[in-house]
Amino acid sequence: MAWGGDVSVFVDASRPYGRTMTLRYEHFRDLHLSPGAPLLIPNAWDHASAAALAAAGFRAVGTTSLGVAVAAGLPDGNGSGAAREETVRLARGLARLDVLVSVDIEGGFSDRPEEVTALAVELAEAGIVGVNIEDGRADGMLADPDRQCDVIRAVKEATDGRLFVNARTDTHWLPGEHVTQTADRLAAYQQAGADGLFVPGLRDVRAITRLAAQFTAPLNILHSPDGPSLPELAAAGVRRVSCGSLLFRAALRGAVAAAEAVRSGAALPAGIPSYADTQALSDAFA
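Residues in the sequence shown are numbered from 3 upward in steps of one, following our numbering.
For the record, the hints were derived by calculation from the structure and aren't laboratory data.
Glycine included, every Cβ here is placed at the ideal spot set by N, Cα and C.
Check each hint, because a few of them may be wrong.
Unchecked claim - Simulated restraints, written as ranges between beta carbons of each label pair:
no., residue 1, residue 2, range
1, SER36, ALA58, 32 to 40 Å
2, GLY163, GLY256, 20 to 28 Å
3, GLY59, SER284, 16 to 24 Å
4, GLU116, PRO275, 39 to 47 Å
5, GLY273, SER36, 41 to 49 Å
6, ASP186, SER276, 47 to 55 Å
7, SER284, ARG31, 24 to 32 Å
8, ALA236, LEU25, 22 to 30 Å
9, GLU179, ALA58, 16 to 24 Å
10, ARG149, ARG265, 36 to 44 Å
11, VAL264, GLU179, 31 to 39 Å
12, ASP113, ARG91, 35 to 43 Å
13, ALA140, LEU254, 44 to 52 Å
14, GLU262, GLU179, 37 to 45 Å
Could you build all of it, start to finish, from the sequences and the hints given here?
Laid out in structure tokens, this is it:
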């Protein structure tokens with residue numbers, strides 16, 4: 003099979019919210035703590051992309067809010083109810099895959115901690131093992147850190163600690179002097195109970211090394227094609243590397259490139275999956 007493995011599902015697609023969820027949470031947490039290379043999490047935007055990644059042998063798959071939103075014709079990062087609905091719909095399907103799934107819920111699609119918590123519980127009960135919760139806002143500002151800590155604590159309490167909360171700070175992505183808040187925000191989020199700490203946009207190896215050594219919670223860095231390599235991030239103490247929207251954007255470019263090749267008569271790229279291989283991604287769930 004072109005994907006490098008078989009697609010399989012758990013016998014019980016409902017994933018009871020209890021002992022099974024605890025074991026899956028512990029497994030996911032332990033993947034962040036294993037010696038050697040950081041846990042590499044590719045990010046999917048639909049069922050087919052997640053199933054293909056799972057079949058290729060990735061033990062954990064995340065979602066990309068940009069990919070999920072844009073694939074559905076929705077804007078990313080504005081906290082819309084439509085994006086929330088699409089995220090939950092996709093998450094319920096991905097939870098049936100034989101892979102650990104972490105979902106990007108932006109800022110929780112609400113400014114009310116109780117609504118963010120309700121979403122987290124819904125995802126946990128569906129079989130999702132982790133969530134990313136970001137503090138960046140569409141207006142270019144950062145959420146109040148006390149409010150963000152309230153959200154983290156509420157989510158951990160409501161899910162009995164069985165949902166891996168990856169607390170993301172956008173201090174290196176938003177304009178202005180936000181970068182000076184990075185360490186303080188990470189410290190507050192760890193104190194509030196966050197399982198992991200995510201700093202997208204941070205590429206300086208020395209700064210990454212300092213942060214990784216400063217906190218006990220595993221540090222997550224976003225892969226950048228012109229940033230540190232996986233071995234360099236491992237040496238810096240990073241325990242999780244995410245692909246973000248990279249795969250979605252690469253897929254868009256690949257689709258256009260294939261169409262242009264057909265139009266010009268050029269050779270198509272090698273390794274395009276067959277119809278049967280692609281159909282197998284959904285056949286397992288028929």
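Quick rundown of the hints versus the structure:
Look at SER36 against ALA58: about 19 Å separates their beta carbons, and that is not inside 32 to 40 Å. Distance hint check: the CB atoms of GLY163 and GLY256 are about 40 Å apart, inconsistent with the given range 20 to 28 Å. The hinted window of 16 to 24 Å between GLY59 and SER284 holds, with their beta carbons roughly 19 Å apart. Judged by the Cβ atoms, the range 39 to 47 Å given for GLU116 and PRO275 holds: they are separated by roughly 44 Å.
With their beta carbons about 30 Å apart, GLY273 and SER36 fall outside the hinted range of 41 to 49 Å. As the Cβ distance of ASP186 to SER276 is approximately 52 Å, the hint placing it in 47 to 55 Å holds. About 31 Å separates the C-beta atoms of SER284 and ARG31, a value consistent with the hinted range of 24 to 32 Å. Separation of ALA236 from LEU25 is about 27 Å and conforms to the stated range, judged on CB atoms against 22 to 30 Å.
Distance hint check: the CB atoms of GLU179 and ALA58 are about 41 Å apart, inconsistent with the given range 16 to 24 Å. Range check, ARG149 to ARG265: about 51 Å between beta-carbon atoms, so the 36 to 44 Å window is missed. Evaluation of the 31 to 39 Å hint for VAL264 and GLU179 yields a failure: the beta carbon distance comes to about 49 Å. Against the hinted window of 35 to 43 Å, the Cβ-Cβ separation of ASP113 and ARG91 comes to about 22 Å, which falls outside the hint.
In this structure the hint that ALA140 and LEU254 lie 44 to 52 Å apart at CB is violated, the actual value being about 23 Å. Distance hint for GLU262 and GLU179: a CB-CB separation of about 43 Å, consistent with the stated range 37 to 45 Å.
Of the numbered hints given earlier, the model fails hints 1, 2, 5, 9, 10, 11, 12 and 13; all others are met.
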